[in-house]
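Visitor: As a plain string of letters, each chain reads:
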Amino acid sequence: MADPEMNLRDLVILVADPSSYISLLIHSMLRGFGSNKVLEVRNSVGVLQALTGQRIDIMICDLWLPPHGGLSLTRAIRRKVDNEHRTMPILMMSNDARETTIKRARDAGSNMVIAKPISPAALYDRLTWIAFNPRKFVDTETYFGPDRRFKIEGYPGGVGRRKSDQEALQVAEESGPALAQNDIDSLFSAVRTGQD
Amino acid sequence: MTKPESPDARIFPVDTRFQKMARRKGGVPRDKAIREAQAKVEEAKPQFDEWLDGALAEFAALIGSAQAGTAEPGWIADANSHSRQLRDSAAILGFELIAFIAGSLCEILDSIEAGGECNMASIACHFDALMLARKAGYRHLRPEQVPELTKGLHRVVKRVTV
Chain A
287 MADPEMNLRD LVILVADPSS YISLLIHSML RGFGSNKVLE VRNSVGVLQA
337 LTGQRIDIMI CDLWLPPHGG LSLTRAIRRK VDNEHRTMPI LMMSNDARET
387 TIKRARDAGS NMVIAKPISP AALYDRLTWI AFNPRKFVDT ETYFGPDRRF
437 KIEGYPGGVG RRKSDQEALQ VAEESGPALA QNDIDSLFSA VRTGQD
Chain B
141 MTKPESPDAR IFPVDTRFQK MARRKGGVPR DKAIREAQAK VEEAKPQFDE
191 WLDGALAEFA ALIGSAQAGT AEPGWIADAN SHSRQLRDSA AILGFELIAF
241 IAGSLCEILD SIEAGGECNM ASIACHFDAL MLARKAGYRH LRPEQVPELT
291 KGLHRVVKRV TV
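Chains A and B, in that order, give the protein sequences.
In case it helps, my numbering puts the first sequence at residues 287 to 482.
In case it helps, my numbering puts the second sequence at residues 141 to 302.
Careful, some of the hints might be misleading.
Below, in silico cross-link-like pairs of lysine to any residue (SDA-like), each with a Cα-Cα straight-line distance of 25 angstroms or less [to be verified]:
1. A:Lys-389 - A:Gln-340
2. A:Lys-323 - B:Gln-187
3. B:Lys-160 - A:Ala-407
Computed footprint of chain A on chain B, listed as stretches where at least three residues anywhere in the stretch have a Cβ under 8 angstroms from a Cβ of chain A [stated by the list, open to error]:
4. 163-175
5. 184-191
6. 207-214
7. 231-243
8. 268-274
Partial pick of chain B residues on the chain A-facing surface, computed with a CB cut under 8 angstroms [stated by the list, open to error]:
9. Arg-157
10. Gln-159
11. Val-181
Quick caveat, the hints were computed from the structure, so don't treat them as lab data.
A quick note: this is a predicted structure, and the numbers were derived from the prediction, not measured.
All C-beta atoms, glycine included, are put in the ideal place defined by N, C-alpha and C.
Full structure from sequences and hints, please.
Guide: Structure representation (structure tokens):
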């Protein structure tokens, strides 16, 4: 199978990273991939402002995004029921590639994790994988996000696929700091009313 | 920790705008996209010096306030954030020595954040190493080209981390 060709033109990509320079490097890579609409923010408030002000097609977010981290932010986006970005693809950047961290990112509702430092090849392959391998979403009492039953069999070529549907659905328990529904509502409403 | 099964789960297909549009014809082939991305990263390289100077100045201020006993309670986390940014950006650009020293410093700061002893001398010696590595004559060196420095930092990390 030929490598899939990804077309990022006119897609709005939000890069959320506390470092202006790392954001610039990721922005540069995306421009090299053909992207022409990249937004940069430095914290969760910036993300929520971007999400309430316009349509964002995909978010590339740092795990350590201030003030509460990318995982809490992802959970907030996934849990907020009346949120048009609830199913938006989220690619989590982490400089901690331990299995526990990957699992936490997955259980928060991230589509995929990419390890820092990021190379153009790794970024291209993960974006391609997300684009060419849409996953079903799962909605339970404790989780909302992409189906976590999937396996990546190699990059590129988009050959990752979910395990058999015969397998029992695995639903992870909540772990780590999480925002209560009231906190999530407050975050979104504060942004809507212009308060930081 | 996982539960074996969730009988009340609702599972539904999602094909987002990103996925639909990214699959359009007219995309950039992988090899070309990666080549172009690397070229764009090269274009951003000259701005590294300015950013590095700012990052090191902030780091110096954090160390200074810690040594003076006036640091904010979360200064280790801030210092670790600076180190991670330094390590990751230097690694993307191929400045291996800076990436190595910053990574070594991250190990120390991770250890302190995990409850280990805060040894200011070990932090200060990493900062001095970063100041050296930022100089033009050292910038493009690899860690193995300065074995005394790298072995020394290894020893420091081994001694102070939990």
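Visitor: Check each numbered hint from earlier against the structure, then list the numbers of those it violates in ascending order.
Guide: Per hint list: 1, 6, 8 violated.
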